[in-house]
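K.L.:
Just so you know, the sequences run in chain order H and R. So the mapping is simple: this note's numbering equals the position in the first sequence, first residue as 1, plus 6. So the mapping is simple: this note's numbering equals the position in the second sequence, first residue as 1, plus 137.
Since the hints were made in silico from the structure, they are not lab data. Hints may be right or wrong, so weigh each one.
[Unchecked claim] The calculated DMTMM-like cross-link candidates involving lysine to aspartate or glutamate, where the alpha carbons are at most 20 Å apart (straight line), are: (1) R/K447 - H/D148; (2) H/K124 - H/D114; (3) H/K97 - H/D65; (4) H/K207 - H/D168; (5) R/K447 - R/E262; (6) H/K266 - H/E286; (7) R/K391 - H/E147; (8) H/K255 - H/E234; (9) H/K63 - H/D114; (10) H/K231 - H/D254; (11) H/K453 - H/E242; (12) H/K124 - H/D141; (13) H/K97 - R/E456; (14) H/K207 - H/D9; (15) R/K460 - H/E100; (16) H/K231 - H/E471; (17) H/K248 - H/E234; (18) H/K453 - H/D473; (19) R/K460 - H/E210; (20) R/K447 - H/D114; (21) R/K460 - H/D473; (22) H/K255 - H/D460; (23) H/K97 - R/E329; (24) R/K391 - H/D185; (25) H/K124 - H/D143; (26) H/K231 - H/E262; (27) R/K447 - H/E210.
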Amino acid sequence: MSDAPAIELRGISKAFGPVQANRDISLSVARGTIHGIVGENGAGKSTLMSILYGFYKADRGEIWINGAPTQIPDSQAAIRAGIGMVHQHFKLVENFTVLENVILGAEDGAMLRPSLAKARKLLGDLSEEYGLKVDPDAVIEDLSVGHQQRVEILKQLYRHADILILDEPTGVLTPAEADQLFRILERLRAEGKTIILITHKLREIMEITDTVSVMRRGEMTNTVKTAETSPAELAEMMVGRKVLLQVDKTQAQPGEVVLKVENLRVLRGGVERLKGVSFEIRRGEILGIAGVAGNGQTELLEVLGGMITAQGGTVQLFGAPLDITGRMANGQTRRAMGIGHVPEDRQTEGLIMPFEAWENVAFGYHADPKFRAGALMDNAAIKADCADKMARYDVRPPNPRLPARNFSGGNQQKIVVAREMDRAPDLLLVGQPTRGVDIGAIEFIHKQIIALRDQGKAILLVSVELDEIMGLSDRIAVMFDGQIMGERLPQDTDQNALGLLMAGVTEGAA
Amino acid sequence: MDFLTILQILDSTVRLATPLLLACLAGLWSERAGIFDIGLEGKMLIAAFFAAAIAYTSGSVWVGLFAGIAASMVLAVLHGLASITFRGNQLISGVAINFLAAGLAVVIAQTWFAQGGRTPQLPSEARFANIELPGAATRIRDIAQQGPLGQIYSELISGHSILVYLALACVPLTWWVLYRTRFGLRLRAVGENPAAVDTAGISVMGLRFAAVMIAGVLCGIAGAYLSTALSSGFVKDMSAGRGFIALAALIFAKWRPWYALSACLLFGFFDAVGNRYQNIQLGDFIVPVQFMQALPYILVVIVLAGLVGKAIPPRAGGEPYVKER
Numbered sequence: 007m008s009d010a011p012a013i014e015l016r017g018i019s020k021a022f023g024p025v026q027a028n029r030d031i032s033l034s035v036a037r038g039t040i041h042g043i044v045g046e047n048g049a050g051k052s053t054l055m056s057i058l059y060g061f062y063k064a065d066r067g068e069i070w071i072n073g074a075p076t077q078i079p080d081s082q083a084a085i086r087a088g089i090g091m092v093h094q095h096f097k098l099v100e101n102f103t104v105l106e107n108v109i110l111g112a113e114d115g116a117m118l119r120p121s122l123a124k125a126r127k128l129l130g131d132l133s134e135e136y137g138l139k140v141d142p143d144a145v146i147e148d149l150s151v152g153h154q155q156r157v158e159i160l161k162q163l164y165r166h167a168d169i170l171i172l173d174e175p176t177g178v179l180t181p182a183e184a185d186q187l188f189r190i191l192e193r194l195r196a197e198g199k200t201i202i203l204i205t206h207k208l209r210e211i212m213e214i215t216d217t218v219s220v221m222r223r224g225e226m227t228n229t230v231k232t233a234e235t236s237p238a239e240l241a242e243m244m245v246g247r248k249v250l251l252q253v254d255k256t257q258a259q260p261g262e263v264v265l266k267v268e269n270l271r272v273l274r275g276g277v278e279r280l281k282g283v284s285f286e287i288r289r290g291e292i293l294g295i296a297g298v299a300g301n302g303q304t305e306l307l308e309v310l311g312g313m314i315t316a317q318g319g320t321v322q323l324f325g326a327p328l329d330i331t332g333r334m335a336n337g338q339t340r341r342a343m344g345i346g347h348v349p350e351d352r353q354t355e356g357l358i359m360p361f362e363a364w365e366n367v368a369f370g371y372h373a374d375p376k377f378r379a380g381a382l383m384d385n386a387a388i389k390a391d392c393a394d395k396m397a398r399y400d401v402r403p404p405n406p407r408l409p410a411r412n413f414s415g416g417n418q419q420k421i422v423v424a425r426e427m428d429r430a431p432d433l434l435l436v437g438q439p440t441r442g443v444d445i446g447a448i449e450f451i452h453k454q455i456i457a458l459r460d461q462g463k464a465i466l467l468v469s470v471e472l473d474e475i476m477g478l479s480d481r482i483a484v485m486f487d488g489q490i491m492g493e494r495l496p497q498d499t500d501q502n503a504l505g506l507l508m509a510g511v512t513e514g515a516a
Numbered sequence: 138m139d140f141l142t143i144l145q146i147l148d149s150t151v152r153l154a155t156p157l158l159l160a161c162l163a164g165l166w167s168e169r170a171g172i173f174d175i176g177l178e179g180k181m182l183i184a185a186f187f188a189a190a191i192a193y194t195s196g197s198v199w200v201g202l203f204a205g206i207a208a209s210m211v212l213a214v215l216h217g218l219a220s221i222t223f224r225g226n227q228l229i230s231g232v233a234i235n236f237l238a239a240g241l242a243v244v245i246a247q248t249w250f251a252q253g254g255r256t257p258q259l260p261s262e263a264r265f266a267n268i269e270l271p272g273a274a275t276r277i278r279d280i281a282q283q284g285p286l287g288q289i290y291s292e293l294i295s296g297h298s299i300l301v302y303l304a305l306a307c308v309p310l311t312w313w314v315l316y317r318t319r320f321g322l323r324l325r326a327v328g329e330n331p332a333a334v335d336t337a338g339i340s341v342m343g344l345r346f347a348a349v350m351i352a353g354v355l356c357g358i359a360g361a362y363l364s365t366a367l368s369s370g371f372v373k374d375m376s377a378g379r380g381f382i383a384l385a386a387l388i389f390a391k392w393r394p395w396y397a398l399s400a401c402l403l404f405g406f407f408d409a410v411g412n413r414y415q416n417i418q419l420g421d422f423i424v425p426v427q428f429m430q431a432l433p434y435i436l437v438v439i440v441l442a443g444l445v446g447k448a449i450p451p452r453a454g455g456e457p458y459v460k461e462r
C-alpha cells in the first residue's frame with residue numbers, strides 16, 4: 007500500500023458547545039510531501055490537528071494512516087501511529103537538558119542511564135542526517151527559540167514520527183531561523199517524511215509547500231497545488247472575498263491640533279527612554295511612529311495613555327495641559343477626556359484573559375451611566391452592548407460569555423479595538439494593532455482606523471511593521487533611541503529611507 | 138564544653154531532625170511533581186495519633202506504624218482528589234487537612250481513651266526501641282572511657298530507633314529515584330511543565346497522584362516517629378509546626394534531597410541547642426529559655442525572608458493542570 011496517502015481524514019466534525027470548530031472535513035496528504043493548511047485565526051486549523059494528534063476526539067469522521075483506518079484516542083496512540091506534532095508553544099521542560107527532553111516519555115526502561123546513552127547516540131545520527139545540530143547536554147532555557155524548535159523536531163524523529171505536524175512554526179522565529187527551518191523541512195521531505203505545515207503566512211506556503219488546503223469557519227474550502235495558485239488567490243479563499251492587501255484611503259483633511267507633545271522625557275529603570283520628544287497630531291490625521299521595537303515607542307504610548315508618568319516636557323490636548331506627572335495621570339482620566347488606547351500587548355494590557363468578553367468590553371468604561379444600575383453594574387446592559395459590538399466588529403465566535411483567552415489572537419484584538427474605538431475618541435493611541443493577527447482581521451482593523459480618521463479624529467499609530475506604517479499613516483515619524491529622527495510623508499519616502507532613519511542615520515550625518 | 142557534650146547535642150540533633158527530614162522529603166516528592174503540600178503538618182499529626190493509638194491497643198509498634206501510614210495516606214488521597222482530580226486550590230486543601238487532622242486526632246483520642254485528647258503512655262513494646270549497634274557502649278560511664286572515634290560511634294551513630302536510620306536512607310533513595318530512574322525524570326518533568334508530559338502521552342494525573350501518595354507514606358512515618366519513638370504517646374498538637382518547618386527546610390534545600398538533609402539537620406541542631414541550654418548567661422544578661430526554644434522558628438523566618446538566596450520552586454507548582462491545545 008505504498009501509494010496510499012500518509013494521512014486521510016474523512017468527514018471529521020468537532021463542536022465545542024454551540025461552536026462548530028470543524029465541519030465535515032476531508033483531507034488527503036500524499037507521503038513525502040509538504041502540505042500547507044492556511045486559514046484565518048479561529049478557522050479550525052489547530053482543532054483539526056489536535057484531533058489528528060489525539061488531544062481532542064472528533065464527534066464524527068475517520069482517520070486513515072497509510073491506508074489503514076486508525077483510532078487516535080490519545081497522544082500515545084498518535085505517537086504509535088507515527089504522528090509527531092511540534093506545537094506553536096513548545097512542550098519542553100525548560101530546565102532539563104536536550105537529551106532529557108528528547109527521551110521524556112520514550113525511555114527504554116525504568117533506568118535512565120541506558121536510555122540516555124542510547125538517545126545520545128541516536129540523536130547524534132539524527133542531527134547528522136537532517137542537519138539538526140543541537141548540543142545534547144545544553145539546557146533548554148539557554149537555547150535560542152530556533153534551537154528549541156529543533157529539539158522539538160528531534161523529539162518527534164526520536165519517536166519515529168513519519169508524519170510531522172508543525173503549528174505556526176515560524177511565528178517565533180527570526181527570518182534567518184525560519185529559512186533554516188525550511189531547509190530542514192526540505193531535507194525531511196527528501197527522506198520521505200510527510201509534513202503538515204499550519205500557518206497564516208502566505209509567503210511561507212508559496213515557498214515550501216507542495217499542496218495547500220484552505221480552511222474557513224470550520225470548513226475545508228479548497229485544496230490546491232501550490233504551484234497553481236497565488237497569494238492573492240489564497241487570501242481570497244481564506245477570507246471568502248477579495249482582500250485588499252493594500253489599504254485604500256483618501257487624502258487626509260487635517261484640522262485643528264488635537265495633541266501637542268513638547269520635549270517629553272521619560273525615565274524607566276534609570277534609563278532615559280524618551281529624550282525630549284515633540285510632535286503634534288491634528289484632527290483627521292494619522293501620525294505613524296516607525297521604529298525598531300524598544301526605541302521608546304512603548305514608553306510614548308504608555309505615558310500618553312496614563313500608564314506611566316513623565317519626568318519632563320508638556321502635553322496639550324486641545325490646547326489645555328494634560329497632567330503627565332501627577333495624580334490625574336491615569337488611564338481612567340484619559341478615557342474621560344476622550345483618549346482611547348489600544349495597547350501594544352493585548353494579552354497583558356488590553357484584556358484580562360480569564361475574564362469573559364463582556365467584562366473585557368466594559369473595562370475602563372464600567373462607570374458609564376448606561377452600564378450602571380444605581381450603585382451596581384447593569385450586567386445585562388453590558389452583555390447586550392458586548393453582543394452588539396461583537397456583531398459590528400465581526401468578533402468570532404460572537405459569544406459574550408466566552409473567556410478572552412478562548413478567542414484567537416485576531417478576535418481578541420477586535421474586542422480591544424471595539425472597546426476603544428466604538429466611542430469615537432478624539433484621540434486614539436494604537437500600538438501594534440495587527441501583531442499576530444490574520445489577514446482578514448488586519449484588513450478589518452485597518453479599515454476601522456481609517457474610518458475613525460475620516461470622522462475627524464486624531465490617531466497616533468505605533469507599529470514595527472513598516473508596511474502598516476506606510477499604508478496607514480498620513481505622516482510618519484521615525485523613533486530611534488528615545489528621539490524622533492525625522493518626519494516624512496509616506497508619498498515622499500520609501501522603506502529604505504525609513505530603515506536608515508530607524509537605524510539612527512540622518513541625512514546630515516550620512 | 139567537652140567533646141562528649143558536643144556529641145550529645147549532635148545525637149539529639151539527629152533525633153530531632155528525623156521527623157523534619159521525613160516531612161521535608163514528603164514535601165519534596167509532592168512539590169517536585171507540582172503539588173504544593175502545606176498539609177504535611179496535618180498528615181504527620183494524624184499519623185502520630187493513629188500510630189500511638191493502634192500501637193497501644195494492639196501492643197505492636199509495627200502495627201501502629203502501618204496504621205499511622207494508612208491514616209496519613211487517607212489525607213493524602215483527599216489532597217490528591219481536591220487538588221489533582223478536581224483542580225482545586227492546593228493551599229486551601231492543605232490548610233483544610235491541617236485543621237481536619239488537628240481536630241480529628243483530639244476528638245477521637247478523647248472518645249477512645251478519655252484522657253483529655255491524648256493517648257495513654259505507651260508501654261515499651263508499643264514503642265520503637267533504640268538499636269544499639271554491635272560493639273557500641275551504652276552507658277554514659279562506658280562511653281566516657283572510649284576514644285573519640287569510639288565515642289562518635291557509640292553516642293552519635295549507634296542507639297537510634299530504626300526510623301532514624303530509615304529516614305537517613307530515604308535521602309539517597311529519593312535522590313536516586315528522582316535523578317536516575319524513568320519515574321523520577323517524568324515526575325520532575327510534571328512539576329516543571331505538565332504539558333510536555335501530557336503531549337508525550339504520559340498521564341499527568343497518575344504521576345501527580347503517585348507523588349502525593351509517596352508524600353503520604355513519608356508523613357505517616359514521620360508522625361509515627363513522633364509518637365512512638367521520640368516520645369511515648371500522642372498529645373495534642375504534638376507535631377508543633379514541624380510540618381511548616383519542613384516546608385521552610387524544603388525551600389532552604391531548593392527542593393533537592395541532599396540539601397534537604399543538611400537543612401533539616403541545621404533546624405534539628407537549633408532545636409537541640411534550645412533544648413539543652415535553657416538559660417544562657419551572657420555577662421549580666423540571661424538569654425531567656427523562651428528565646429532558645431524559639432530558635433528554630435526564628436530561623437524559619439530568616440530563611441523564608443530570603444537569606445538563602447534565590448530558591449526557584451518547580452515551575453508548575455501550585456497550578457492545577459488543565460489540558461490546552
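K.L.:
Each hint should be assessed against the structure and marked as holding or not.
P.N.:
Outcome of the hint check:
no., hint, result
1, R/K447 - H/D148, "18 Å, holds"
2, H/K124 - H/D114, "9 Å, holds"
3, H/K97 - H/D65, "26 Å, violated"
4, H/K207 - H/D168, "24 Å, violated"
5, R/K447 - R/E262, "47 Å, violated"
6, H/K266 - H/E286, "4 Å, holds"
7, R/K391 - H/E147, "19 Å, holds"
8, H/K255 - H/E234, "32 Å, violated"
9, H/K63 - H/D114, "29 Å, violated"
10, H/K231 - H/D254, "31 Å, violated"
11, H/K453 - H/E242, "17 Å, holds"
12, H/K124 - H/D141, "15 Å, holds"
13, H/K97 - R/E456, "16 Å, holds"
14, H/K207 - H/D9, "30 Å, violated"
15, R/K460 - H/E100, "19 Å, holds"
16, H/K231 - H/E471, "30 Å, violated"
17, H/K248 - H/E234, "18 Å, holds"
18, H/K453 - H/D473, "15 Å, holds"
19, R/K460 - H/E210, "30 Å, violated"
20, R/K447 - H/D114, "35 Å, violated"
21, R/K460 - H/D473, "37 Å, violated"
22, H/K255 - H/D460, "9 Å, holds"
23, H/K97 - R/E329, "11 Å, holds"
24, R/K391 - H/D185, "41 Å, violated"
25, H/K124 - H/D143, "14 Å, holds"
26, H/K231 - H/E262, "54 Å, violated"
27, R/K447 - H/E210, "43 Å, violated"
In the structure shown, a violation is registered for the earlier hints numbered 3, 4, 5, 8, 9, 10, 14, 16, 19, 20, 21, 24, 26 and 27, in ascending order.
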